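J.: Given next are the chains, with one letter for each unit.
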Amino acid sequence: MTTTRHRVAARMIAALGALSLLAACSGNGGGGSGGDASSYPDQNITIVVPFSAGGPTDTVTRMIAEPMAAKLGGKIVVQNVEGAGGTVGAGEVSQADPDGYTVLMHHIGMSTAPALYKNLDYKPLEDFKMVGLVTEVPMTVVARKDFAPATLQDLVAHVKANADKVTLANAGIGAASHLCGLLFQTAAGVKLQEVPYQGTGPALTDLVGGQVDFMCDQTTNTSGQIAAGKVKAYAVTTPERVKSLPDLPTTAEAGLSQLQVSVWHGLYVPADTPDEIVQKLSEALKVALADQGVIDQMAKLGTAPVPAEDATPQAHRAKLEEQLGTWAKIIADAGVTVS
Amino acid sequence: MELLDNLALGFSTALLVQNVLYCFVGVLLGTAVGVLPGIGPTATVAMLLPITFSFEPVTALIMLAGIYYGAQYGGSTTAILINLPGESSAAVTALDGHEMARQGRAGPALAAAAVGSFIAGTVATVALAVAAPPLASVALRFGPAEYFSLVLFGLIVSIALARGSALKALAMIALGVLLGTVGQDIYTGTPRFVFDQRELYGGINFVSVAVGMFGVAEILRNLENERTRTAIVSTVKNLWPTREDRRRIVGPILRGTGLGAALGILPGGGHVLASFTSYAVEKRISKRQQEFGRGAIEGVAGPESANNAAAQTSFIPLLTLGLPAHPVMALMVGAFIVHGITPGPNVITDEPALFWGLIASMWIGNVLLVLLNLPLVGIWVRMLRIPYQVLFPMIILFAAIGTYSLSFNAYDVYAIAFFGILGYILIKCGCEPAPLLLGFVLGPLLEEHLRRALIISRGDASVFLTRPISAVFLALAVAALVVAVLPTIRKRREIVFAEDESLDEIPNPVPPPSPRAHDDLDELPPRVPPQR
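So the protein lines, in turn, are chains A and V.
If you want my numbering, it's the 1-based position in the first sequence plus 1333.
If you want my numbering, it's the 1-based position in the second sequence plus 19.
Be careful, since some hints might not be right.
[Claimed, not checked] Capping the alpha-carbon separation at 20 Å, the derived lysine to aspartate or glutamate pairs in EDC-like fashion look like this:
hint, chain 1, residue 1, chain 2, residue 2
1, A, Lys1633, V, Glu370
2, A, Lys1408, A, Asp1624
3, A, Lys1493, A, Asp1375
4, A, Lys1613, A, Asp1580
5, A, Lys1565, A, Asp1479
6, A, Lys1498, V, Asp479
7, A, Lys1456, V, Asp479
8, A, Lys1576, A, Asp1629
9, A, Lys1456, V, Asp215
10, A, Lys1408, A, Asp1666
11, A, Lys1565, A, Asp1580
12, A, Lys1408, A, Glu1616
13, A, Lys1451, V, Glu263
14, A, Lys1633, V, Asp369
15, A, Lys1451, V, Asp215
16, A, Lys1633, A, Glu1573
17, A, Lys1451, V, Asp204
18, A, Lys1633, V, Asp215
Just so you know, the hints here were simulated from the structure itself, not pulled from any lab data.
Since the structure is predicted, the reported quantities are computational estimates derived from the model, not experimental observations.
Just chain A, with the same shape it has in the complex:
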């Protein structure tokens, strides 16, 4: 009497199994053979995002994945390998087969990790080839709504006078908001009490709730709250104003020109990947960045694709070299190390 029941149950199990296998395999590009540049790509390409799903880096990656895949004539799968400020995912890609089927999307953290993590198991310039820059997300200096200073210069004066009272939030050690906060303290010549959070969400929640005084974070995270008047915005940290926040002055206009920082994103492959494949990826990236849909979606995030000449391995390498030097100094001066 139980045979039919068995069958039903077995079928359920089989369906469940198929589903879970599907979920597990969807992140797998296949690995193995590959390597033939002329037929590339003949299997799924995996872009590893070393941060959590739904974060700004993940969002940007998923935006460009589809137009890139269309240009390459293959499929791109985005896989989130989180941990240790992006160094777990980056370390994994540095060890991956250099066949172009494993690509890394990383942000400014690529240039700060060597200074923050002493025992890093990869070297950014030696263990990777750069494919091209993707976007530079501006950052904004924002404060709780009822924070006294009215302008960026007021803010600098205020925090200097009240250095023992003011709190500066960030989204965790090594996060873009932490780096921008360090730069702010260097530029303003003051040492403040930092309050780290686990990610931007909780940090912004406490800023809106007035639990902390101010922070510096990407427009992707702050423009909504700025537009709604839930936080006070002082300046944007790029040379030019942001289209989605036209009234917000730049840091240079507001009188703190040393505070220049953007969260730049770039694509990487393992160092031994053939140049032809890097070239193909770079071409696809350029096409994706010129895609009107991508431009529109990025505009909504308060950012824009980099100009075509920056979506190249050369421009990307130059940017990384320059940034590695800059951050090594800032981080050493601030005396921050992670391990």
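Got chain A sorted already, so can you dock chain V onto it with the hints?
T.: Below, chain V without anything else, positioned relative to chain A:
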């Protein structure tokens, strides 16, 4: 009346054919990923997000929200059937739910979970519609000090989760707290207990601990001998709750709904506490305390309702403030932005059709879920009849695949094996996994908020007492402690030497279902001996 106009607008949006369809797709997918151990709603939503870029914004959000609360429904199924909780809330359901399944009452347990979730979801949606903006401003008054006191209160109340020796329960909580400290310290970045393994910087994955401690340990114990294996293959007694069951779950569902709805609003950890607290409350006020942990239907209905109510009300900070309470919510913020909508306080006024449409869709989604889940109860229960040689390897396989797919970290799979063995050893020592899990979940929250509160106050510990909300929770925590300890002390004095019979049972953590646990079920047919 304005609310009715708004709801009419909401339903006219949510009842559009494509919206109902994608709401169904969302809750169906949500149920599926909830049922599959390990695969969570976050990964699913992340994978599906790009697909929704081409949808109407409201349709996209309806589907993504459906996945989220659908997963809360589905999560209880594996917890009840095979003791495999995929989320912290489901771990509480597993305590009594799986015990009910062992006694052949998986059907009533699943039905109680589904009905409780439905009622909770419906009521919480009404709360969302009526009072979202004022409730959100309450959430903003919670800073680190308030969260610390709230979590401390929750931890003390939830010690009721333990059913045996208080000393062992405390030891398990401490072990859980210690395990929770593994990983990078968020304040200094210092790696703790990682042994130079970069994969451990993110800490130990909750799913690995839950799957190992509950699921794998349970399987190991089941493999011990034929007699105790009755659990998985015992005769199904009844598929639907009896009249007595129905009477018993009304109170827990209503209390769980209220509790969950209130806690869900707090983005800093409220929804984590919902099911733990509800279980503790039900156990505390129940006249059948001894049944808890041995298949009390109240222990399923209450936490499941609380969990689902919290899942609904956790949309309040997202919809009214644009602040995500959960990684799935963060993904939804991304969805809002991609569709050109700035999540924040302006959504209600700028996009009323979207706001009210989403709320109305949650009600429709809850109806769809109960229609989807109740007929499935019979099929799920039949799964228990699969021969164990087939079932056990499959459970472990799916659990490993699902957990690996969370963040593609092989250490998460090693951790399943480690915690499976640890869980088995602990069961043998008479220690229970639930308090360990509680410490593991709440310990890090406690530390995070304690240190943040002290950083902001520059080390002045008086903030916990000078901030009124925090002080109230601390007072409640002290009261809870006194209430919990007093009767024990009095009892100890009375029966110092009389060994409590429940203590006798602890070394054997799987007491054969005692007649006592069934004395309210005498209308049922007598227990049929195991067939295999």
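J.: Compare the structure with the hints numbered earlier in the document and write down the numbers of the violated ones, lowest to highest.
T.: Result: hints 3, 4, 7, 10, 13 and 18 break, sorted rising.
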